Structures are given as structure tokens and as C-alpha cells.
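Participant: Below are the chains, spelled out letter by letter.
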Amino acid sequence: MAKRLVPILAMILVIMALYVFMLAVAELPPYGNVDNPAHNYVYEHYVNNALEETGVLNIVTAIILDYRSYDTLIEATVLFTSIMAVLITLKKGEQH
Amino acid sequence: MELTIGAKLLNNYPFLGSLIIFGIGCYTVLSNSNLLKKLLGINIMESSIFLFYVATGNIRGGVPPIVDLAQPEALYINPLPTGLMLTGIVVSISVTGFALALIIKLYRFYGTMDANEIFEIRNEGKNNGSSS
Amino acid sequence: MVALVKENAPILIVIASLFSAYLLPVFMQYRRYGIVGFLALATQFFVLFGGIFLATQVLAKGSFRYILAGWEAPWGLEITIDPLSTLFLIMIGLINLLILVYALPSLADELGNKVRATWFLTLFMLLTAALCGMALCHDLFNLYVFIEVATISGCAIVGAKGDARSTEATFKYLILATLGSCFVLGGIGFLYNLTGNLNMLFVNHELAQTWSNYQYALWVSLSFFIVGFGIKSAVFPLHVWLPDAHSSAITPASAVLSAISVKGYVLGLVKVFYIAVGPLIVASLNISDILLLLGMGSIIAGSIFAIAQTELKRRFAFSTIAQIGYIFLGLGLNNQAGLTGAFFHIFSHALIKTALFLIAGFILIKTGKSQIKDLTGIGKQMPLTMGAFTVVSLGMTGIPLFSGFIGKWNLLLGSLEAGNWLAILVLLAGSILAAIYLFPIIKQAYFTTNQDYAELKENTIMIVPILILAGTVLLLGIFPRPVLTLASQAASMLLGQ
Amino acid sequence: MSFAGPDIINIILICFLITIAIAINFMKDLLYVVIVFGVYGLIMVLIWLRMNAPDLAITEAAAGVATTTLMIALIMRTTRKVK
Numbered sequence: 001m002a003k004r005l006v007p008i009l010a011m012i013l014v015i016m017a018l019y020v021f022m023l024a025v026a027e028l029p030p031y032g033n034v035d036n037p038a039h040n041y042v043y044e045h046y047v048n049n050a051l052e053e054t055g056v057l058n059i060v061t062a063i064i065l066d067y068r069s070y071d072t073l074i075e076a077t078v079l080f081t082s083i084m085a086v087l088i089t090l091k092k093g094e095q096h
Numbered sequence: 001m002e003l004t005i006g007a008k009l010l011n012n013y014p015f016l017g018s019l020i021i022f023g024i025g026c027y028t029v030l031s032n033s034n035l036l037k038k039l040l041g042i043n044i045m046e047s048s049i050f051l052f053y054v055a056t057g058n059i060r061g062g063v064p065p066i067v068d069l070a071q072p073e074a075l076y077i078n079p080l081p082t083g084l085m086l087t088g089i090v091v092s093i094s095v096t097g098f099a100l101a102l103i104i105k106l107y108r109f110y111g112t113m114d115a116n117e118i119f120e121i122r123n124e125g126k127n128n129g130s131s132s
Numbered sequence: 001m002v003a004l005v006k007e008n009a010p011i012l013i014v015i016a017s018l019f020s021a022y023l024l025p026v027f028m029q030y031r032r033y034g035i036v037g038f039l040a041l042a043t044q045f046f047v048l049f050g051g052i053f054l055a056t057q058v059l060a061k062g063s064f065r066y067i068l069a070g071w072e073a074p075w076g077l078e079i080t081i082d083p084l085s086t087l088f089l090i091m092i093g094l095i096n097l098l099i100l101v102y103a104l105p106s107l108a109d110e111l112g113n114k115v116r117a118t119w120f121l122t123l124f125m126l127l128t129a130a131l132c133g134m135a136l137c138h139d140l141f142n143l144y145v146f147i148e149v150a151t152i153s154g155c156a157i158v159g160a161k162g163d164a165r166s167t168e169a170t171f172k173y174l175i176l177a178t179l180g181s182c183f184v185l186g187g188i189g190f191l192y193n194l195t196g197n198l199n200m201l202f203v204n205h206e207l208a209q210t211w212s213n214y215q216y217a218l219w220v221s222l223s224f225f226i227v228g229f230g231i232k233s234a235v236f237p238l239h240v241w242l243p244d245a246h247s248s249a250i251t252p253a254s255a256v257l258s259a260i261s262v263k264g265y266v267l268g269l270v271k272v273f274y275i276a277v278g279p280l281i282v283a284s285l286n287i288s289d290i291l292l293l294l295g296m297g298s299i300i301a302g303s304i305f306a307i308a309q310t311e312l313k314r315r316f317a318f319s320t321i322a323q324i325g326y327i328f329l330g331l332g333l334n335n336q337a338g339l340t341g342a343f344f345h346i347f348s349h350a351l352i353k354t355a356l357f358l359i360a361g362f363i364l365i366k367t368g369k370s371q372i373k374d375l376t377g378i379g380k381q382m383p384l385t386m387g388a389f390t391v392v393s394l395g396m397t398g399i400p401l402f403s404g405f406i407g408k409w410n411l412l413l414g415s416l417e418a419g420n421w422l423a424i425l426v427l428l429a430g431s432i433l434a435a436i437y438l439f440p441i442i443k444q445a446y447f448t449t450n451q452d453y454a455e456l457k458e459n460t461i462m463i464v465p466i467l468i469l470a471g472t473v474l475l476l477g478i479f480p481r482p483v484l485t486l487a488s489q490a491a492s493m494l495l496g497q
Numbered sequence: 001m002s003f004a005g006p007d008i009i010n011i012i013l014i015c016f017l018i019t020i021a022i023a024i025n026f027m028k029d030l031l032y033v034v035i036v037f038g039v040y041g042l043i044m045v046l047i048w049l050r051m052n053a054p055d056l057a058i059t060e061a062a063a064g065v066a067t068t069t070l071m072i073a074l075i076m077r078t079t080r081k082v083k
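Protein chains in written order, with the working numbering: chain A, 1 to 96; chain B, 1 to 132; chain C, 1 to 497; chain D, 1 to 83.
Honestly, the hints are just simulated from the structure, not real lab data.
Fair warning: this is a prediction, and the values are worked out from it, not measured in the lab.
A portion of the hints provided could be inaccurate.
Claimed, not checked - A few chain B residues that face chain A, going by a derived Cβ cut-off under 8 Å, partial list only:
id	residue
1	Pro-14
2	Ile-20
3	Leu-30
4	Ser-31
5	Asn-34
6	Gly-57
7	Val-63
8	Pro-79
9	Val-90
10	Leu-102
11	Phe-109
12	Thr-112
13	Ile-121
14	Arg-122
15	Asn-123
16	Gly-125
Stated by the list, open to error - Chain C regions said to be covered by chain A (calculated; three or more residues, Cβ under 8 Å):
id	stretch
17	92 to 104
18	121 to 128
19	270 to 283
Glycine residues also receive a C-beta, built at the ideal position from the N, C-alpha and C atoms.
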């Protein structure tokens, strides 16, 4: 009984959430506009100065490997973590 | 220029679409008892959020953020969301790998990939007195 | 050299735990298990003393920021050192150190062999690094990446035991926690869309001017954060993964998850709500009331579920849900005393819950009993352990002179200040319910006799961390000044006074 | 508010995505589900290409679509073998 109830409950929840999402999306800055708050001084700094400051033509690369390199270190750590997790899940270790 | 809500929604279609897919993915995770489908639901949710970010970074009439020295006046799109989502993709793959490892292990224990069946098998084990 | 370490201490804390995590498997490759244990302990020492050093600096000079990779704030990343983060660093270092001292002698036996023990320690160090990073980070996306590391490593140490029950609990935890991460990432996406910044301070500045235009969007964003962090920190309606995960894992794993990891996500919520968005906006969008409701529901529901449990570890796991409720209640009160109480409660509950889980694990190792009804007369068999258990339970209920009291007292003051009588009632009821689910164990331990009465040896090194924790609970109840100062300074910093 | 050509293609692609997401929810055979999930990833890649994020599209095509689908397909092979 409870198992059949879960999908219906989830459906109701999701539909309610979608209604609120619509209200929120109507408020968001218009898609693709140059004057959006997302394209502010940070964006301008990256686009205008990335080449001089880092010497990389691809600005995305400049961001992930230079401006936000700490993030990339942690991202590599996520991969390492998942490898260790898979090891500890599937391997038994040594037998001796 | 005042727009109706419908026109605003239509204009913001990538955000709306990504949030609808987010909701569907959420429903997939919550309602399906198959472990693999739950995992796919998580993947769908994650990629929908990636779509949200990419749409945030896009500018109509812009070009990809690769500096073209021949065209100094080009309008580049926002490179930051793209960079963030490169990290996000790696994270999503890591989670997928770990979850698949867990699915294999659960399959070895129970011989099934269905959460309800696992639940039943475990309850039978409890009733028979053997600890699982 | 010393000057260099002192100057770069904030980042070195994270980097040191990360690199020791990378190095542990390498040492195990050459069969140096001794070095592995030593390195793990040394790193926790470093985190603890780094935290204390930074705390003295913060108390002397005020909070400061540290720039990473040479790029100034809105373009690069920076980390922040404030009372809140140093409080967390000290907590992480202290608790993890004691857990490691408890765990190291028996870890290899419990997990099968030394290689698996090394993998477990690696994941443990990664969890430490991620939590330290979450405590220090000052950038929304950086917070997300650290949360992912903490999630994956936390799930993996639940599954380390490798039996069917813990694997199933791990899968449930992983799916729900990743669902939570998706929600957090979505919330960050909304904030980025509205402000164009990821640095929390700049997000705050941008939102202060424009937030009234985006009320629905901000509300959706904040509720995304509540759902995401709520799943990960197991508030009442979103707690379904916690009891299985925390009771089926091995003892050190459940101790670290229940005591620290769950609170790391609360810290994430605090950072987003109070530093990035600001208490004013949170209060005027009625998000505070949601936090308050979640907190009260958690206290009542968690305690009642805990009473119904018959297994020791499971009862403690449900008690974690109740105690997380106190923290959410304090956050929802949104005033100085409430936040101070919440932060102090974070610290004191970390001590208490670690001690409880370690005691449960110790009893399991010594007697092989995990059900509460089997613990008859254990007070005479293990006097030191049950003495510590009594101290810690008194602390959990919030009796004066124990550390739990200070946090709850501040929460009461906060509720009085907010004029919220329901919160006061719930706080008192929570204390009574805590007494109901903890004191029968003590009564059973001391006032019933066991047939197979035999003095058990307690003089192993494993009892030392339990006694230290119980002593700290007592000490912190009598001299709460150092932690209370940090907590109240953190509260006033977050409220912008 | 008028829509330029590229926008309509994007809208159609996103509608496809929504359809596929619903289809994944209700399909019974896991093999089909995995194949359809691969298609979902490819359409996502297309949308990102059209939204001027080629770096992301390449990474997703290599890692998200190829690796994930392959991993899941391999898992399904091993789980069938055990049976």
C-alpha cells in the first residue's frame, strides 16, 4: 500500500514544485540578454584580461586552470575519492 | 516594456525546460524501485542543472569564449558557467561510477537490482532468524 | 619555515589533509602500516593545532581572508578565517583525533586486513579535508565541490564494512545525498543567475540592492538549499537515510558521520544563508520560519523514533536527528542568543555523540551485545565506560554543569527573546524525551544484575578517548568560556553587528 | 517578442529532452532505457553546442555520454552473467 502511495505523492510534490518554478522562471533575467546581472564586471574582467594575465587563448581553460585552480584541485580529489570508494566497495584487499 | 507571464516564460525557455527536466528526474529517483533507474534519474537531474548554468552563461549573438585575435570586437559569451560545469561533469561521473560499484555489490548479495525485491529478501531473512 | 607555515596556515590545513590522503595508499604499497597510522594521527594533530592557532589569531585581530593563487576576490578564490570556521576546525581536529586513537588498534581486524584499513583511513582523511575546506571556503561553487568530496567519502566509509546491510544503506545514502547535491547546485545556479558572482561577500552586496525584484526566484533558490542541505544533514522529513547508514557502519565511521559530517552541511547552510544571502532577506522571505518548523519537527519526531528503537546504535542515530533539530531551531530563531546556542550546541553535541557511538562500539567489541535489553548489569562489568556514558547522557539531556546545558540555555534565551513560546515548549519536551531514551539504559546498567557476571578488562587504549570526551563534556559545562566566546562572536559576525 | 530561427530549434530540442526524460521514467526494459539515455545525452550535447559552450559539449560527449553509457552497459552484462 505504502509503496503504491509513494509515486502519487512524488507526482503531487513535483507538480507543486513545477508551479513555483514557473513563477520563479518568469522573474529571472531574460535569457540571452547582454545586460543580465550574470554578465557583470567579473565576466568583463575574464573576457578582456584573460589573454594578457594568463596567456591562454581559451578563456574557459584560463578560468579552470588559473583563476579557479583550487576548484580544479578539489575536482581531481573528487575523482580520487570515487576511485578509493570503488576500491573499498569491490576489492577485498590482500590475503595474507 | 511589460511582458505577460506567458511571454516571459517563453523567453526564458531554457530555464523552464531545465527545471521541468529537473522535476521529472526527481520523480524518476523517488518513484522507481529499480536502482539503475534511480541512478539515471540522478544523472538526468544533474545534466538539467548543467543546462541551467549553460543557459545562464549564453548571450544571443555571442561566440564561444576562445579569443580570436583576428576579431577583437567579438562578443564572447560568459565563460564562467562553462568552466564550473566542466567540474560538475567530473563530479557526476564520479558519483555514477561509485553508485554502479554499489549496484554490482548489491547484485552479488541479493541477485536483483530492484529496491522492493531487496527489501522483501531482507525481511524474509529476518523472519527466518538468520541475520543478513 | 615556521613563519611560512604560520602565514599560510589556513590553506595548509586543507592541503595537508589532502596530501596525507594521497600519500596513505603509497605507504601501504610498501607495507608501512605504522607510518600510515602515524601520518593520519599527525595530520589530525595539525588540523587541531592549526585550528587553535587560527582561533587565537581571530580572537586577537578579528577575522581575515586569505587569497589563493594570487587572484583577488571576485576573479579568483579566497578562503575566510572567522570565529565560525575556527570553531569548526577545532571541532574537526579534536573529534577526529580521538576517533582515530580509538579506531587505529582495531581497524585492521574490523575491516579484514591492513590494505582495507588504509583505504578507510584515506577516505577518512578526505572527509576531514573536505570538512575543513567547507569550514574555510568563501565561494559558493567551491563549497559545492567540497560537499561532493564529503558526500562520496562519507558514503564510502559507511560501505567500508562490506556486508549486505551496510552496502544497501550506502546506496540509499549515496542516492539521497546526490539528490541533495543536485538541489544545492541548482540553488547556487539561481544565485549566480541573479548576481553574477560566486564569492559570498559579493553575492551579498549584489543581492542587497536587487533582491526585491526577484522574490520568487530567491525563495526557490533558498528552498533548494534547504532541501539539499536538509537531506544531507538529516532534518526530520528528509532523514530517511540516516538511521540505516549510521547504525550499520563500523564504529569510527558512524561516530565521525554523526558527530561532524552532518554538521558540516549545517555549516554550509549557515554560510549560504547568513553570509551569502544575509539574515535580513532570509527573515523577510519567511525562510526562518521554515527552519524553525523543521527544527521543532526534528526534535519531537527524532526523539520519539529514538525511544522506539531497541538497538543501541540505532537509538543514537535517531537521537542525532533530534539534536540536529536543536541546531535548526537556533538558526530559525535568527537572533544573537539563538545562533550562539546553535553553534555551541554543534560543538557540544559533537563531543557527546562521538562519546556515545564510541561507547556503543566498545561495548560491542567487549561483550558482543548491540541490543539494549542485553545490557543488564553492564555498569558493574564496565564501570569506566558506563561512568562516561552517564556523564555524557546527563550532558545530552541538558543538566546544568554539563556542556549540553549551555547550548540549550542559550537556545531558551533566544526563544524568549523572539517571544516564541512553542519553541520553549519544544525545547523542554526535547530534554524530557532525551531523558526518556537515555536514562533507562543507565538504570538497566546499574540496577539490574547479570547472570554471567564477570569483570571485563577495560584497560585498553580504546577507553582513553571515551574518558577524554566525557571529561571534556564536564569541563566545557563548567568552563564554557573559550568555545562560548567563539560561538557568540560567530553569531554577531553573521548577524552583522 | 519574436524568435529567431536558432531559438525554435533549441525549443524543439528541449521538448525532445523532456519527452525522453518522461520515457525513461516509464520504460520497462533496461537495455532500451540505457540506449535512450545515450540519446538524451547526445541531444544535451547538441543544445550546449548551440548555446556556445563547445568545451562543455566535448567533455560531456566523451565523458558523460560515452563513459556513462558504456559503464552502465558493462554493468548490465556482468549482472546478466551472474544470473
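Participant: None of the hints should be skipped; say for each whether it holds.
Facilitator: Hint check:
1. Pro-14: The hint holds - Pro-14(B) has a Cβ within 8 Å of chain A, the shortest such distance being about 6 Å.
2. Ile-20: Nearest chain A Cβ about 6 Å off; hint holds.
3. Leu-30: OK, holds: Leu-30(B) within 8 Å of chain A, min 4 Å.
4. Ser-31: Result: holds, 4 Å to nearest chain A Cβ.
5. Asn-34: violated, 13 Å
6. Gly-57: This interface hint holds because 7 Å falls under the 8 Å limit.
7. Val-63: violated, 11 Å
8. Pro-79: holds, 4 Å
9. Val-90: Given a least distance of 5 Å, the restraint on Val-90(B) holds.
10. Leu-102: holds, 6 Å
11. Phe-109: Cβ of Phe-109(B) sits 12 Å from chain A, so the hint is violated.
12. Thr-112: Interface hint status for Thr-112(B): violated (16 Å vs cutoff 8 Å).
13. Ile-121: This interface hint is violated because 15 Å lies over the 8 Å limit.
14. Arg-122: Violated, about 15 Å.
15. Asn-123: At 13 Å from the nearest chain A Cβ, Asn-123(B) fails the 8 Å test, so the hint is violated.
16. Gly-125: violated, 19 Å
17. 92 to 104: violated (count 0)
18. 121 to 128: holds (count 3)
19. 270 to 283: Violated - the stretch 270 to 283 of chain C has 0 residues with a Cβ nearer than 8 Å to chain A, which falls short of three.
Going down the numbered hints, you'll see the structure goes against 5, 7, 11, 12, 13, 14, 15, 16, 17, 19, while the others check out.
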